[in-house]
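**Q** Using the sequences and the accompanying hints, generate a full structural model.
Protein chains in written order, with the numbering used here: chain A, 1 to 123; chain B, 1 to 251.
Derived by calculation from the structure, the hints in this document are not laboratory data.
Keep in mind it's a predicted model, so treat the numbers as computed, not measured.
Keep in mind that a hint or two might mislead.
What follows is a set of in silico ranges between Cβ atoms, one per label pair, in the way DEER data are often shown [as the list claims (entries may be wrong)]:
hint, chain 1, residue 1, chain 2, residue 2, range
1, B, N72, A, G96, 29 to 37 Å
2, A, A115, B, E102, 50 to 58 Å
3, A, V45, B, D144, 43 to 51 Å
4, B, Q80, A, L106, 30 to 38 Å
Only some residues are given here: those of chain B computed to face chain A with a beta carbon under 10 Å [stated by the list, open to error]:
hint, residue
5, K46
6, L49
7, E147
8, G204
9, N207
10, V211
11, S215
12, A237
13, Y239
Glycine included, each C-beta is placed from N, C-alpha and C at the ideal position.
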Amino acid sequence: MKQRTLKRSNAPIFWALFGAGGMLSALFGPMLVFITGIAVPLAVVLPADTMSYPHMLAFAQNIIGKGFIFAIIALFLWHAAHRIFHSLHDIGIHAGTGAKLLCYGLAMLGTLIAAYALLAIGF
Amino acid sequence: MSEKQKIIEIEVLRYHPEKDKEPHKQVFEVPFTDDMSVLQGVQYIKDYLDGSLSFRWSCRMAICGSCGMMINGEPSLSCQTFLRDYYPARVRVEALSHFPIERDLVINMEGFIEKLESIQPYIIPRETRTLAQGEYLQTPEQLDAYEQFSSCINCLLCYAACPQFGLNSNFIGPAATALLHRYNVDSRDGGKSQRMELINSEEGVFNCTAVGYCSEVCPKHVDPANAVNQNKTNSAADYFLRFLTPKGGAK
Ligand code: SF4
Ligand code: FES
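**A** In structure tokens:
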């Protein structure tokens with residue numbers, strides 16, 4: 001038998017973030033589209049000022065609201081980054097490290113910006 | 001041959017490395033009856049039209065796994081695919097995708113054989129057992145855990161179906177993962193930690209992007225995609241929990 005040296009893959013980190021993001025987007029994605037895209041602009045079901053600045057500010061300053069916003073933004077981004085990275089591979093763009101850095105780098109950047117903004121907005 | 005003998009065109013991808021620069025197609029006109037498989041069609045070609053045509057087969061009953069070919073672009077066992085389902089159109093027969101062609105419809109299986117060896121496809125006993133202890137007993141549930149994955153006939157249709165194996169032939173791939181899983185979940189086996197090293201590696205399950213075509217083409221309902229998926233979970237758990245458990249089973 002040919003002896004090979006096996007290198008442990010770091011994929012579980014990205015796969016776990018991808019999985020968490022997928023789960024979250026399946027659970028909350030359609031609802032968020034409905035609230036932000038239909039219910040609030042058309043003032044159906046929800047009052048028109050649901051997403052007014054004071055309301056949203058209060059939401060973002062609440063610790064649970066903060067966590068929710070952070071998880072939605074960060075995990076959605078990691079999910080998308082992973083999907084795009086693998087789709088690039090599928091259509092024959094094997095940019096390797098470059099594509100990896102670009103995809104996951106953007107997700108990381110988005111995560112950091114979200115974290116910074118949520119902290120800067122205060123409690 | 002009777003007057004109403006039906007004739008089907010079979011287009012075969014030919015390749016004889018000693019004289020052909022690259023594979024090329026050749027069309028044969030083959031008389032057939034409704035009970036004839038594609039395998040019988042190519043056998044007719046070999047017996048009556050061109051004795052140099054090469055292909056593998058043995059059992060003619062979807063047991064041995066040697067007659068896999070691309071039939072109209074789909075990975076299929078040629079002995080359980082019937083000419084009547086293509087007639088009156090032409091049927092196209094090619095060597096399995098993603099493998100080097102050895103000659104005509106014969107692929108080079110070496111890469112897969114190495115993978116098969118590397119998963120240690122045999123029971124590694126949990127503890128030494130004497131003859132006096134008698135046979136192993138398993139409950140129906142313990143049998144259920146691995147039975148489906150033990151039905152693999154190594155036909156390699158799933159590899160020909162897998163786009164990720166096509167892009168990276170180092171990927172351990174569907175059947176080898178299914179077989180590896182078959183031993184890992186066997187109650188008699190204690191070799192899981194050795195095998196997980198391969199699952200966790202860069203050649204392991206995370207090359208899979210959950211396409212699922214492998215399970216669709218599998219003639220034995222092994223569902224290799226399921227084995228791959230279960231092992232993504234196992235591998236991720238191992239990745240994150242290895243620092244908590246005394247022996248994580250990988251480097
Ligand atoms: S898993 Fe199915 S398709 Fe793949 S080699 Fe085994 S029997 Fe063939
Ligand atoms: S000849 Fe054995 S599986 Fe087809």
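**Q** Confirm or reject each hint.
**A** Each hint tested on the structure:
In this structure the supplied range 29 to 37 Å holds for N72/B paired with G96/A, their Cβ-Cβ distance being about 35 Å. At about 56 Å, the CB distance of A115/A to E102/B agrees with the hint of 50 to 58 Å. Here the CB-CB span from V45/A to D144/B is close to 48 Å, well matched to the stated 43 to 51 Å. Between Q80/B and L106/A the Cβ separation comes to about 48 Å, which falls outside the hinted range of 30 to 38 Å.
Interface hint status for K46/B: violated, as the beta-carbon distance to the closest one in chain A is roughly 34 Å, over 10 Å. The restraint placing L49/B at the interface with chain A is violated, with a minimum CB-CB distance near 38 Å, outside the 10 Å limit. Of the supplied interface hints, the one on E147/B is violated, with its beta-carbon coming no nearer than about 27 Å to a beta-carbon of chain A, more than 10 Å. Evaluation of the G204/B hint against chain A yields a held restraint, the C-beta minimum of about 6 Å falling below 10 Å.
Taking 10 Å as the C-beta contact cut-off toward chain A, the hint placing N207/B at the interface holds, the least distance being around 8 Å. Against a cut-off of 10 Å between C-beta atoms, the interface hint on V211/B holds, since the closest Cβ of chain A lies about 9 Å away. Annotation: interface hint on S215/B violated; nearest CB of chain A at approximately 18 Å, more than 10 Å. About 9 Å separates the beta-carbon of A237/B from the nearest beta-carbon of chain A, less than 10 Å, and the hint is met.
Using the Cβ-Cβ criterion of 10 Å, the hint placing Y239/B at the interface with chain A is satisfied: the shortest such distance is roughly 4 Å.
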